[in-house]
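*Asks:* Work out the full structure, taking the sequences as your base and the hints as a guide.
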Amino acid sequence: MDMDTDLPTPPSPGPPSAGPEDQPVAVGVTDWDAGGPSDGRVRLPWPRVLLLGVLAFAVWFLLFAPTLQHNAQVSPVGTRRTISLDITRPIAALSRALQLSRIVSATGRENDQPGGTAGLIISGPRGDTSRTKTKTRPSTVPGQAVAVTTTTTTVPPNPKLPTAATPLRVLIVGDSIGLDMGGALQSDLAGTGVVNAALDGRESTGLTRPDYFNWPAELASDIKADNPQLVVVMIGANDAQDFLGPPDTPYASPAWNGLYAQRVSQFMQVAGSTGAAVVWVGMPPMQNPTLSAQMADLNAIVKQQAGAAKPPVTFIETDKSLGTPTGGYTAFTTNAAGQIVNTRTPDGTHLTPGGGQVVAQQVIAQLVTEGYHI
Amino acid sequence: MLFPTIDFAVFFAVAFTVNWLLNPYAGPWKLAMIGLSYVFYGWVGWSYCLLLFATTAVAFVGGNVTGAMRNDRGRRGTMIVTVAVLLGILAWFKYYGFVSVNLDNLTRTLGMGQPVPLLQVALPIAISFFTFMAISYVIDIYRRKLEPAKPLDFAVYLSFFPHLLAGPIVRGPELLPQIRHRRDPDNIDYSRAFWLILAGLFKKVVISSYVSANIVQPVFTSPSQHSAPEAIFAAWGYAVQIYCDFSGYTDIAIGLALLLGFRFPQNFNAPYTARNLQDFWRRWHMTLSRWLRDYLYIPLGGNEGSGVTTVRNIMITMVLGGLWHGAAWTFVIWGTLMGVGQSFGHVRRTFRERRGLPPVADGPVRIWVQRFLTFQFVCLGWVFFNASGVSQALNVLGRVFSGWGEPSPLVTPLLVLVVAGVLLSQFVPPISVSRLQAGFSRLHAAWQVGILSVALLGVTTFGPVGVAPFIYYRF
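Going down the list, the protein sequences come from chains D and V.
Numbering of the first sequence is given in the numbering used here, commencing with residue 1 and proceeding in unit increments.
Numbering of the second sequence is given in the numbering used here, commencing with residue 1001 and proceeding in unit increments.
Be a bit skeptical, because a hint or two may be false.
If you anchor each label on the Cβ, the simulated ranges turn out as follows [what the hints assert, rightly or not]:
#, chain 1, residue 1, chain 2, residue 2, range
1, D, 83, V, 1049, 20 to 26 Å
2, V, 1180, D, 85, 42 to 48 Å
3, D, 42, V, 1428, 19 to 25 Å
Just a few of them, taken from the derived set where beta-carbon distance is under 10 Å, the chain D residues facing chain V [what the hints assert, rightly or not]:
#, residue
4, 46
5, 53
6, 297
To be clear, the hints were calculated from the coordinates, so they are not data collected in a lab.
In this text, a Cβ means the ideal position worked out from N, Cα and C, and glycines have one as well.
*Replies:* What follows is the structure, given as structure tokens:
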């Protein structure tokens, strides 16, 4: 096919002013000095434009205030949240009193669960279509249809000896760092040809703020949909914060540690409620020393709960695989192939695709050690 | 600070008022604009303001010394040193990590140890954009196309918040005269500005987010587990996503500038209507295209030399253009693909000219086939552009060939409608949009308030909770 046309030039030959590129990018510095608009558009003086914009914003604010109030309620604790609530509370009350909030409520969007853009992403062998039914179901985030694969099996196969016909069903759940790892793990597991891996990752979530995102409920929903035989969890990066009360429970207080251990334990119970094995991947060292110490504390709680769980949960530490030999922060590591890999994003918190791959391989190696033939 | 946030709405209301209140007073206005722009930039991290200030200082001093030099050797030397310093700053922040890892892996493979220290350097937001603007300023002075600016004028030029984070890449001759002259406070083209801002918000918050969440992200996360139609729609979907994301940002930036009394250059012109890659690059990120043309391609020799030289110049320009977007092999491949595509067009045209062949007659079928093929080639490039690595891109492309006969639950009627709708919207004549704006501007103020607030409500209601940053923020 002839891709060539009458446009004769690569990016551009000739003098800059001669190219057709210059025509659309020309700016009319004296547009308003040229004797008035010729495009039919009425111009206004700036105070009227300001008034128009402010009034439009005010009407929108009144209509949308209940949603804004909800968003403020589930935002991180702090001055910003307090101010946001103080501002939105009376406006939202007015909106409800005037029945204006019904306009947004009618769309079903008023109390959306936040938690980032990722919904449930299912992957796995597709060869056995006679045994696998693929359908769509609504995500927990409205408007995001997601693929769900349900498998009906009459004789429970040995999950440690999966085949393409009877694949191991894995569910991976996590926060943003869990997503970084989960994408790589899902891809690597799917690459074995004998694993059906589902990934449900939610940015900015954790176990301390169920008002913001209710992970136990989400996990229960995922388990009902997927019936996994193995659940991999990587959650915790956002958990170093107070439990909301009243009264609030300050982070790292004895009461907080006890409550967090309880939530972790409950989460493990939900994960294993249908008999699935559970693997919990610990948080890596962070560049921020305070955050890094907090993650170490949370890892200690999770590790303790993993050991106490019945049956025990496998806890995988990442402080060496993603850190220095002494468990400190580093952005680079050497992978199994002997190649230097940049494992951390510049924020010093999240994982690069290479970092996700390192942890994914660590998880797979652990599963192989535990007898999984994958 | 992100445009689609309440933080920014409040910030802009203040900036708009300050802008017009101080409009009669040039000095205070410039100081206020610089201050507001630094607040805008420093919202996510004040340390980067030092970098913006340093770039401003280097480019200003270098440009003005270049302009003051009387002999050509001195002018040229000063210009080269200044551009080298600016590129050095950019290279340190943007490319050090990429180069050091790849170099160390190479030397380790060759048994030569690990000579380059591994350091993680944080990439400051917008550095690619303001560095290119600073370079254009210095080179324009060297070429005597621009007089050296006064310090405050130049500081406003480089830091002006509507263009600061992701362009358009505005040049000195376009913006500096607007900064020097007083803006007319009584003739604000508000209907066009509001249209651009709301259209940009809709494209970014609703369309881009929807397509990303419902096809692009799932397929790119696990390409091997999706069907061929899903892989194809993921590539097409990413074309829609990045267009809505980046042109949406640009629309908002141009609209905000209009409200402040400034005109920015156009950055997009229905790129998916392009009939070949040259045409595409005249329509996509136009301010970057012309920057690469004027400050890289033409200095390399453009198409003045032999065919081989021209192809070399095209390839260098496009590969470096790819690397400008990010330090990764995927961007190198993307740039190479764009270069190969353009070179093919150049070679074919040259061949026909040398043979004295007449131009091929245009017909609707030919035009639409060209558009279709160009779009597919652009989408091929987008797969590499969006992929986290070369293997992921190859996996997505592999599914296009191997994933037939499998269910495609992600290709929903709504998704098809959205993708097709965005592509077809490229063919809407600009005059129709202009008439809409004109019609809006003649409405009674109450209707205008109602329309604006309902449009805003639509964007916030149908968009997701929490909007991802613009794609081009990371470049």
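*Asks:* Where does the structure disagree with the numbered hints, that is, which hint numbers, in rising order?
*Replies:* Of the numbered hints given earlier, the structure breaks just one, which is hint 6.
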